[in-house]
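Using the sequences and the hints, build the whole thing.
Number of protein chains: 2
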Amino acid sequence: MPNLKKLTPVAWTQVDVDDAFWNPRIHANRTVTLPLEYALNKKNGVLDAYQWDWWDLAKSKPPWHIWVGDLGKWIEAASYSLAKHPDAAVATQMDDVISRIIKGQKEDGYIYPNPLPKSWRWANLVSWHEFYEVGHDIEGAVAHYQATGQRHFLDAVCRCADLMEANFGTEPGKKRGYDGHPEIELAMMKLYRATGEPRYLKLAKFFVDERRREPNYFALEAQAATRAGVPLTTWDGKPGDYHYYQAHKPLRQQEQAVGHAVRALYLYSGAVDVAVETGDGELLATCRRLWKNLTRRRMYVIGGVGSSQHGEAFTFDYDLPNETAYAETCANIALVFLAHRLLQVDADGEYADVMERAIYNGVLSGISLDGRRFFYANHLAAFPASGSDKFDAVATSRREWFGCACCPPNIARLIASIGQYAYSTSATGLYVHLYMGGSVHAQIAGQTVTVRQQTQYPWKETVRLSVDPQTPATFDLLLRIPGWCRRATLKVNGKAVALKNITRKSYARIHRQWSQGDQVELTLSMLVQRIEANPNVRMDCGKVALQRGPVVYCLEEIDNGKNLADLALPRQAKLSAAFDKKLSATVITAKALRRQPAGWGDTLYRPAQSATHPAALRAVPYCLWNNRGDGEMLVWIRQP
Amino acid sequence: MPNLKKLTPVAWTQVDVDDAFWNPRIHANRTVTLPLEYALNKKNGVLDAYQWDWWDLAKSKPPWHIWVGDLGKWIEAASYSLAKHPDAAVATQMDDVISRIIKGQKEDGYIYPNPLPKSWRWANLVSWHEFYEVGHDIEGAVAHYQATGQRHFLDAVCRCADLMEANFGTEPGKKRGYDGHPEIELAMMKLYRATGEPRYLKLAKFFVDERRREPNYFALEAQAATRAGVPLTTWDGKPGDYHYYQAHKPLRQQEQAVGHAVRALYLYSGAVDVAVETGDGELLATCRRLWKNLTRRRMYVIGGVGSSQHGEAFTFDYDLPNETAYAETCANIALVFLAHRLLQVDADGEYADVMERAIYNGVLSGISLDGRRFFYANHLAAFPASGSDKFDAVATSRREWFGCACCPPNIARLIASIGQYAYSTSATGLYVHLYMGGSVHAQIAGQTVTVRQQTQYPWKETVRLSVDPQTPATFDLLLRIPGWCRRATLKVNGKAVALKNITRKSYARIHRQWSQGDQVELTLSMLVQRIEANPNVRMDCGKVALQRGPVVYCLEEIDNGKNLADLALPRQAKLSAAFDKKLSATVITAKALRRQPAGWGDTLYRPAQSATHPAALRAVPYCLWNNRGDGEMLVWIRQP
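Going down the list, the protein sequences come from chains A and B.
Letter by letter, the first sequence follows residues 1144 to 1783 of the working numbering.
Letter by letter, the second sequence follows residues 1144 to 1783 of the working numbering.
Chain B side only, calculated, beta carbon under 7 Å to chain A, not exhaustive:
| id | residue |
| --- | --- |
| 1 | PRO1678 |
| 2 | VAL1687 |
| 3 | ALA1708 |
| 4 | PRO1783 |
Some chain A residues flagged as far from chain B (calculated, every beta-carbon gap over 12 Å):
| id | residue |
| --- | --- |
| 5 | LYS1246 |
| 6 | GLN1396 |
| 7 | GLN1590 |
Lysine-lysine pairs mimicking DSSO-like chemistry, simulated, CA-CA at most 27 Å apart:
| id | chain 1 | residue 1 | chain 2 | residue 2 |
| --- | --- | --- | --- | --- |
| 8 | A | LYS1533 | B | LYS1392 |
| 9 | A | LYS1392 | B | LYS1533 |
| 10 | A | LYS1381 | B | LYS1381 |
| 11 | A | LYS1317 | A | LYS1345 |
| 12 | A | LYS1317 | A | LYS1392 |
| 13 | B | LYS1705 | A | LYS1435 |
| 14 | B | LYS1345 | B | LYS1261 |
| 15 | A | LYS1186 | A | LYS1246 |
| 16 | A | LYS1533 | B | LYS1381 |
| 17 | A | LYS1705 | B | LYS1435 |
| 18 | B | LYS1648 | B | LYS1603 |
| 19 | A | LYS1381 | B | LYS1533 |
Derived from the structure by calculation, the hints contain no laboratory data.
All C-beta atoms, glycine included, are put in the ideal place defined by N, C-alpha and C.
This is how it looks when you write it as structure tokens:
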């Protein structure tokens, strides 16, 4: 079997993150977000519902099936968090959640917190999320096992996976179904990797390959459900358009990222895993093709994807509206998952660039600094007067929770395991993808090598790494030179090293014999940059976004007054960056222009005559917006 | 009773229009649009349905109630057209339509082409459009009477009006209802003016005043309908939000133009009529207040209103999105109706400016040059790749017809009677509001005075008027100096007259003794103007619209290539206007700039570095767009 994978991520258990940027976020996550999620999961009835034998509408309304995957994500987040930062209360909650799920598992292994009549089981895969839910339980169980070494939850989800494997596949008598909401594919691959059980790999591959084979399973399922009286629901009340589910044609024939963005990216992520573990170059080529389409034509500058609220979906190439941007937090997180997987395959900084862009912008914007409030959609322009704030999913102010609360636990698990995205090992050494203070223990050259990072990334330009092999050894240290960086310099033990000849695919390879205490200093120039979008992005013509390091900036009303759309940043205006202690972030200032809003009276249109007046412009990191009250926000600024 | 009205419009029967701009439109209207509408009304079953005694679903599906007002508008258009341009075929069709309506009228006078069970009559006023339909029949009957002198149709609608008056009002035993779709108010006022019957005035006033008095009639109606088993439908499936119907509070308390735009403007138009005929200054103040809100904060530069497709409605102040602009043709026509009414009240050019803006832009854009295809929504930017062309109501190419075909007959009646908007008489003379070739016969100073206009308006600057009183007489000729005009000059019998001292409220008053053959020449400078929008219109910041005379311009893909959003028109670029014979219109050219679209490869974002290259810009009148094939269109052009 061909080896399609150049890198192996260093497991989250081997990475510690400890720096001024991440510490408050990790802290808020475990002291606010995790307990909040537990409380709300309890309140909305999901925890109790696991104990039900059956739907019993006389007793209570079953919890919305969409709520259920949140629990698995919560266990996953809690597992990551507790392993690094023990907390008795959260540990008790985690044990409670796991014991309820296990207690509620049916005798044959079936897990679903919304216990259907047995005849309804797997009868509406297109929209009941049965596998999606199990997938998140599996991800939670794998993390729990990695965190605690305890097998009881892992064993439980294995029994469920075994049941699924016994019932789904190409063998005679098995169902040829797959879930309307992909997720089980990547979860099953995690379970395979955790247990080594090849049946889980086989099942994941089946789910990927079977999707929209003819005859169309979803169409057959709909016919059977109608005959059997199973209540069928589809997202838009209309059957027949399978783009939403990425089931319009077999994955290998798909050319563009279409449909519900989270589903799409979970599917592609699972497909990369399957391709890598089965040596399937064709499937990998499919994933790379879809990656190109989505990152080169359908991605916001904040690393957000899925531009339309309608179907939470991709629309068409270069269609990236700003005020109505959806860019769901979950989709942006899923973009991190996919980028991380393809990065391992190709060891190409292109993937790390997108991963970093998403993390520092469209993902972190999804949670407030205090960890208490969340964005579901991540607009690139906010105009509260539009009234979209009335609707949680497209709000212009973060919310404590959502009817469908997929995003909060998703961001919780990402923050709790952020270190896992930072490092990989290759055959010859250690890759550093992301710069964050802390340390990694990696197996390199037959021993455990510890590398410590000291940095004030993403605000400061310098990253210091100390490399500590147990005994001197020759290996590579590969440092990512980010795509946004126009000028980088490197020193090894104080001595300058020219980057040009050692850099390939955005990684600078330092090949040498390393001894304890070796010091590496990388300086990544962080000049403020004006970014322009491809001319086909009609919304951004004549506009620039500001970026410094990996951080994309925005204007907020609190700094710049109302009517941000009328601010213009002249081409020649100097952009200054300075660290703002109150905000704990670097902010950008410039001399901009705006029309005099006074003097118009009640005039709506008039012959163009307005002079522009100097106006101080202050831009803050996009991910920090709406932490200082509500108001307008704008990413793309007019550049006259 | 105070006289609240300074002017009286000269009746359409006394005006002839004959010039190079209007002739082809009037011609297309009568040779294409009218027969097409007749054929389609016949085909969709409306004509037959008048003969039904009853809903009989076994026989056939009743025509959609929304279709029905179209027939009244068609009669109105046909009446105007036939009086000026006899056509035997259309005359036969008109007789056919009228005879079917009369034949279908119930014994008690009830007219509705979708004959409800008698117990359902007036039981769902909020959404069945019963009065709206009758209103259009009344408007048709009045026009037919004015055109032919025949009373049979007028008498029929009077019987229906009598029935309504006997059943609706504040007297004990009468219903206190009003229609969900205003229109009957202005129609009843037309009937009052045509017949002199004061009960019609009383009923119109009742409908205006009663709207959303407490108790809320629509709420009571819904309760009663539910009890009686009358099927209730509301536009959005939700009861309770009465803004859509302008029934959220009594009209006199309304501060902003809200809800369905056509309904709003029909209601306000009817209210102006009632106010004027009853000397009701408070009601007039309400209408002026709503006028100000809608024209100073909620109107597109094309004279279009109702910016959202959702509810075909107004949204909020300064919310005027371009690509998703709704600006329904009917709403823009209704804006002409309202402007025309308020113009008579105040004799202020402000109203004529809006009326003219709507006519030459957002109204005429609704019909193709050949009269065969129509826009329902009038976008201010078209991007066909968005796929909105799949939906008739928001199409980016004109359609032959619509499921709800309110707009085509509305524009047909406007074009057929365009002359009625051009002139008014005051106590002292003749007002000329609109410049168009042709003649008017007006009663001034105790005699019929004929004024002839010769002009190539809106393309050429000069308007020549010859004033022909039967005998020499002293009176005023008041010529509108349009708001868009920066420099006007006037000559009377070849002698220059200074405008400054004789111009008030945008009308130049020429007071003198007129004799047959007197010549007036008005020259209205038509420099191309860049128009800017109020800074609060966030969509138009940094952009300009081009306007010359009353005509607003746009860019089309056929002239300027794809990706119009990337074109920029520098502040200092010279704008040249020249008449294009092929298009029969003045076009504007300039040297613009655009980024090189090549060289981007698959890059989506990059540090701003693009140079701009010269690009020829060619703008055509907005009302003419989409007459030369489909493609992008743009009104607001970036001005760096």
